[in-house]
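Once you've looked at the hints, dock chains B and C against the given chain A.
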Amino acid sequence: MGVNFQRLDGRGTYDYRKITITFGIDRGCCHVQIGDTRVMAQVSCEVTTPKQTRPNEGLLYVNAELSPMAAPHFEAGRPSQQGVELGRCLERCLKESRCIDTESLCIMSGMKVWAIRVDVHVLNHDGNLIDACSMAAITALTHFRRPDVTVSGEEVTILSVEDQDPIALGVHHMPICVSFAFFHQGKYLLVDPNEMEERVMDGKMVIGMNKHRELVTLQLTGSMLLHKDQVLRCTQIASTKVQEMTKLIEEALKNDVHERATGGQFGSASSQDPSHVTSHVTTEKTMEEVDTEALRELARETVLKGRETDRESPGMTRAPDITLLGKQTGRIGEGGLSSWDVEDIEESEEDDVEMIADTNVKVVRETSHISKCLGIDSSEDSEEDVTETLAAHHLGVHESSRGASGDTTIDLTTALNQQKRPAPGRERGKVKR
Amino acid sequence: MAGMELLSDEGFRIDGRRPNELRRIQCRMGVFAQADGSAYIEHGNTKVLAAVYGPHDIQGSKGRAAVHDIAFINCQYSMATFSTGERKQRPRGDRKSQEMTHHLKQTFDGAILTHLYPHSQIDIYVEVLQSDGGNYCASVNAATLALIDAGIPMKDYVCACSASFIDETPLMDINYTEESSATPQLIVSILPKSEHLVFVEMNSRLHEDQLSRVLDIAVKGCSDIYHILDRAVKEHLMEASIPLSSDT
Amino acid sequence: MALEIHLATSRVQKDLVSNEDPKHIVTPGEVITADSGFMRGHGTYMEDDKLYASVAGCVERVNKLICVKPVKSRYNGEVGDVVIGRILQVGQRRWKVDIHSRQDAILMLSAVNLPGGELRRRSEEDERMMRDYLAEGDIISAEVQAIFSDGALSLHTRSLKYGKLSQGTLVHVAPSLVKRRKTHFHNLPCGASIILGNNGYVWICPTVNEDTDHTGGFIENTEPVSLADREVVARLHNCVIALAQHRMMLYDTSILYTFEASLKYQVSSA
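Residue numbers (full-length UniProt numbering), protein chains in the order written: chain A, 1 to 433; chain B, 1 to 248; chain C, 1 to 270.
Keep in mind that the hints were calculated from the coordinates and are not lab data.
In this text the structure is predicted, and so the values were computed from the model without any measurement.
Hints should not be assumed to be uniformly reliable.
Claimed, not checked - From the derived model, a few chain A residues whose C-beta atoms are all more than 10 Å from chain B:
#1 Thr-48
#2 Pro-55
#3 Arg-88
#4 Glu-198
#5 Leu-215
#6 Leu-225
#7 Ser-239
Claimed, not checked - Label pairs and their in silico Cβ distance ranges:
#8 Ser-80/A x Arg-93/C: 37 to 45 Å
#9 Ser-212/B x Val-149/A: 44 to 52 Å
#10 Glu-260/C x Gln-81/A: 36 to 44 Å
#11 His-227/B x Val-225/C: 49 to 57 Å
#12 Lys-64/C x Lys-96/B: 29 to 37 Å
#13 Glu-231/C x Gln-81/A: 52 to 60 Å
#14 Asn-124/A x Met-39/C: 28 to 36 Å
#15 Leu-123/A x Asp-9/B: 53 to 61 Å
Glycine included, C-beta positions come from ideal geometry on N, C-alpha and C.
In isolation and in its complexed conformation, chain A is listed as follows:
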């Protein structure tokens, strides 16, 4: 961390990496990607006998799996220290916060209840597993549909999905965890630490919260000492982040519902879209090169401008000691510009996002994942964004031949750029076409 508070990957201190939420073909399968951290959650259900102490309540099991696939130092078999910690944190976040209506899972009091099981698998470990896992788990739970049952006397019949529409779980609220990493005895604070940052951090705080600003779990661990106001400050940041992430999840769920309803393409298969996967080496080289150059220039400008505003903006003090900072909280996205008058800007921003999302839904039917760039406008990132936009545009041209393939791309960076500065006309024009 230098004086200008840029992290190794170019993010600012309170920025998340890019978050992507994808769903599987089956209900209750969710794939969350934060930067290079990939996590998959799968919900399943079965009928069991309830606990004797709570005969009217269904059961919820949460299990987190750290396989050696995710990182070489994870061992298969007995859960490691980290595995136990992750599992317990998810358990506290989902189970002890009672976010799932377990009473509605009762089929016959004391005899038969549904047991819901969430298996969270870490596919790739690049730090901040807890946030990714909690997002995946709660999204999967919300996405999940259990089969309907009929009870006649002692007889319980589970109706097949074809006969009767499956039922969603009663989700009271959506708790999401936000992780903070502390350095130098709490002097520096980072949101969403990646693996490298996690290795060198002094301690970590995980805050689980829902959009009603209710804390469901808070955990401060590590060998460092903090003051009370530092904790309170983190909860403020977390509440902003949670609002945004909830919005993202809701958006993703809404899109999925829409795709399923309209018979569009959904599920993980469609997310493995060739044009997206190969977007770094697209065939349209000439076009890409030109555009990245321009965009890089653009990004640099934005960053510079952001720094200027940083210096100018009186509400924002990027002092090393976080206790010195004002009461305002950070926000996701767009690292260069960190003005701290959050509330109003953010709202307008979100409106913008939705607006653009809508246009995109109409125009761009391509990759089925909802990609929302919450990273920063480092040159690399914007490069990636451009390729996507281009691909979308490119395919948009051939839309008629492709037909309505299920896809939505929300490009937040574009949205932000557009909101922050006079529209970079060329690019916008393409999207709108």
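Only chains B and C this time, still in chain A's reference frame:
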């Protein structure tokens, strides 16, 4: 459980305490001869024994992963099979105990001056004899006393206290009944002199705006506990060192 | 479920608490002095120009140096200390010895007097014979030769008075209770020898003839010990424990006085 009110209209809790009162704390240091340091503590009906061995040479497989320029702290949290209302099958090794072990280790990693003992290991064994809520808090307080008894240098005492929030009232040091009735639960460990937080854990739902008040009462509880512990330590020292001083 | 059993009771041994002014007692985290003119010794740490205690105990001041001495702690070695230790491990040209310190002490093969007593190079044969000289579990007396940078101690037994201990009993007491004196080897007039290790290990054995013992210290004397000797050793053993229990300093006179005082109590089978 239904119909039971945790806070009466007169402002008394289920065990007759006021919201800002601790349970009775009794403690004793040096209960084992074999261990380098040991202590026993009671928080109301929660009873915990702690024993500390070390610093000594690194032993066992766990220590192999240790960093060698600071002392390695090895903790073991276990609950006696008879400690809970329902007999426990496994005294240790289940998820919750493992988590607790991990939390104890982290708590004391921050408080013990580990850099003074390179290539060494400090063992902290905690046994819950009777559980009535606040097991973590009692364990931390007992372990602190045991560490002091063992003469292991620490920055400060580590004091832990729990808190809850019922009927718009923050409660200090909650017992099992209060803990198990879907109320928010906040556990805090602090270094009482500087009021630095070493460990914080929160469960169940609590609105963000209330956190500050609940945190305050937990910290207040910790500093109350500190005064009780400090008095016990001083008494223990007087007992131990006066004959010594008359002799040297 | 809640049982009313309380194990913790405040039992102050009134007779031992005298009214004389106690020393300056501090507990961890307590500020000893805010004066920056002092030097930081053991049991203290400096933060923001203030000197804090890190252990609970009495403050000791030597000129500008401030230390806090804990009532009970592991042994902190000093060069020249007499220690009693138990062999834990036989390694490459060295033995590891438990001396109740924070790390196992090391006794190098080159730091012992080999049988025969003569000075000679340590051959490979000696390396192979190491376990014959000192095996795991053997008890030795030794002197601290040096302290390594990480705090580990190196011992030597290159004097006729040190070496393997054969028949006797070992008592563990707190290291702080052993008074530092010129000699820690005492042949008590009651017919037993006592070695007060600085590390809190006390060795009591029947006195043996000067000529036969101390021949390099690797020959184990396994002759039967007479009942009278055993009784003396056992009585001394209990005296040391009694003194330690009441936190009285251990040295030859205090032990002898206790021994004499205990003579009016006879061994009983009950």
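Checked against the structure, which of the hints given earlier come out wrong?
Hints 3, 5, 6, 7, 10, 12 and 14 not satisfied by this model.
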